[in-house]
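**Student:** The primary structure of each chain is shown beneath.
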Amino acid sequence: MNVFLAQQADRIELPAIDYAAILPMLIILGAACIGVLFEAFLPKHQRWPGQVVLTLLAIAAAGVALGAYVGGSPAEGTTTLSGTLSIDRPALFLWGTLLALALGAVLLIADRSIEPGGAFVAQAGIAPGTVQDRAQVGSTGMQTEVFPLALFALGGMMAFCSANDLLTMFIALEVLSLPLYLMCGLARRRRLLSQEAAVKYFLLGAFASAFFLYGLALLYGYAGSVKLADIANATAGTDRSDTLLFAGLGLLMVGLLFKGSVGPFHTWTPDVYQGAPTPVTAFMAACTKVAAFGGMLRVLTVAFESTSWEWRGVLWGVAIVSMLIGAVLGLTQTDVKRMIAYSSIAHAGFLLIGTMALTEDGLSGTLFYLLAYGFTTLAAFGVISLVRDSTGEATHLSAWAGLAKRSPLLAAVFTFLLLALAGIPLTSGFVGKFVVFSAALSDGMAPLVVIALVFSAVAAFFYLRVVVLMYFSEPAADGPTVSVPGAFTTAAITLGVAVTLLLGVLPAFALDWAGAGGFAIS
Amino acid sequence: MTPTALFLAQAGADATVSTGEAISFWVLAPIAVAGALGMIFARNAVHSALWLVLTMLSLGMLYLIQQAPFLGFTQIIVYTGAIMMLFLFVLMMVGRESSDSVVEVLRGQRLAAAILGIGVAGVLAGALTRALADVTPAPPLDPWTPEGGAAGGLGRLIFSDYLFPFELTSALLITAAMGAMVLAFTDRHGKTGKRSQRELVEARFRGEYERPSPKPGPGVFATSNSVATPALLPDGSVAPESLSELIESTSAAKLSGERKQVAGDTPQPDAHSLTGSEEQSEERENS
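Taken in sequence, the protein lines are chains A and B.
So for the first sequence, my numbering puts the first residue at 1; every next one is plus one.
So for the second sequence, my numbering puts the first residue at 1; every next one is plus one.
Excised from the complex, chain A in its bound form (with noise of 0.2 Å):
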């Protein structure tokens, strides 16, 4: 070992850092660690505005420097720290996607004026139904390290949606993953039932890693790089095994599409769903979603393009599964929140049916399938929020039988989102299904687009029945109220259903953005 010491080692080189393009990403990864800080020095009841006013600005500050960048950004887009983040138009569409979402669902988060104190219980550490327990419902203080814990997840995605390696790429993975099993597991009403969600997401979540990091080592055995262009070149004719590709390639997809939540790997979304605090599942269920398919347009497109034929045909299974599992069993559900999870595996299917379509075209409209469908179920978990009765949320759906009559602009509201996650014209819903179907038309998925059509429409017969029922029946007697939201979340729903409005009527913004440019492959 001496000889070893002995021996000078040359000067390490740090790698080029461009700070500009990661600085979004550096900023809410930085707040994040604020936050922190903020729990452990400011007194208690400075921490919930503290939070909120850093929350806030953190995500405004990243969003401004993402404007900044973006004009002057190269249009192939750049690589850097040692080409372990890629920084490409895809990437800062996801980023900015990401942020605007997350706005959006820090705002629920923080609103306090529907449930006193907040959708967080006070002390998490204490056990469900204890005398402590039952003391701490009526107290009005909550886990302010909701805040960081979101940020860090946040952060996590932005690095998972540019991660050009996989190794980073299973890291931020982890940092998007471990927040949110934590946030599930915080909500002040349904304790019991919300630490389960935590438990089952985080046991499920783990086997899923597992899957992504033993896929990952197969691929480093196969391409002897974790790098995503190494992987591409050697895919590209060469006579190594097969057998480690396509298992590490198949190892890999479990694990992201158990995060985007599609067919076979849904299992923990209902419950999840039905468990996390409402204001968690928003975020969960609109920012995980782009996260996870970003990464895995990524993934399929730079490294495994050249073999797509070998495992596009899989992926055709599993989008067909996914739509069947979503459309079926949403229509058997009685819970509004189970019944938008399952209308999430739906449209999980038809997501991947975008990504799996590697052209241009398929790019873009993935890209703006998930811009639209990230504010509408953002704006339908803020809705579901406000109807409430004793005993918190009232989200059995016979609780929503007449709600028209009790409050005709929630039922509005809801109705027309329930209208986009159908796909009805007008909404973005429409849009973001048409770009998607016609990319997977003029790629030769013809059949993949007819199924996809059928079932949309199985799909759409539980939304409208939701709607029939909150327009056409009686309401019942001890139904429940709908809450006047503050300020937070009306902010919130208005910017889910605008932007939801918005890219119905005039999607073309938003799709040039989403097809200003390709992944850079370096």
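Everything labelled a hint here was simulated from the structure, so no lab data went into it.
Positions of the beta carbon are idealized from the N, C-alpha and C atoms, including for glycine.
According to the in silico footprint, chain B covers these stretches of chain A (three or more CB under 8 Å from chain B):
{"hint": "1", "segment": "75-85"}
{"hint": "2", "segment": "119-133"}
{"hint": "3", "segment": "140-150"}
{"hint": "4", "segment": "178-190"}
Chain A is already provided as a structure; the job is to place chain B on it using the hints.
**Tutor:** Okay, now just chain B, sitting in the frame of chain A:
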């Protein structure tokens, strides 16, 4: 053990084994084997874990001797230090007295385990034979290059090619630490937390509780030691607070009977009688 065997195989070719290395191998290798055997045959789970520690330590030493310092230290720090401690924590939590059940839960598990075990042994033996027979020795690695696999090369990679993932790991660690705190920390002395003894006494005398003193316990008499037996006040009357409210939900007839009996309203049996009450003797007759 495979690296050792490999190394010995190379000895015949162009590498040489120094005396010191040979001595340390012949000291460490039997210890490692003894530890492995001890782990399998120890009856106590804690002993088993400690035997495994011995094996891992000797393997770590062997790695060090074979010029793989990073691997050696990782073996000792990560396996022996962290993972074995986790093992021991779990063993302590489960209880060190608890032993494995020998009931076969899965049908044919032992047969499958035996076949697979023989298979693994076969594969190992095959690999070892090949390693001892025809393997060309690799040149010594330069630990400062990434391919060398030593601390120097790894450090170089962490601070150059993988700088970003390495820095991103810190976000993961902060989240984990904060998560543990959120889930486990309760503010015991805050408003909603547990009261200290002094606060409790003051609250009692301020009238937040029914009475400042604890409630009287149930009565215990020669005839009964049931919690349903009320205590008697100095004047011989029943102290109603001595009975838990839960008792009310139990058989009311029996309870009132016992109350009467304790209050002395019922006809008493002879002092030397073995039976407690008429009820009991009736029950005996019925059965």
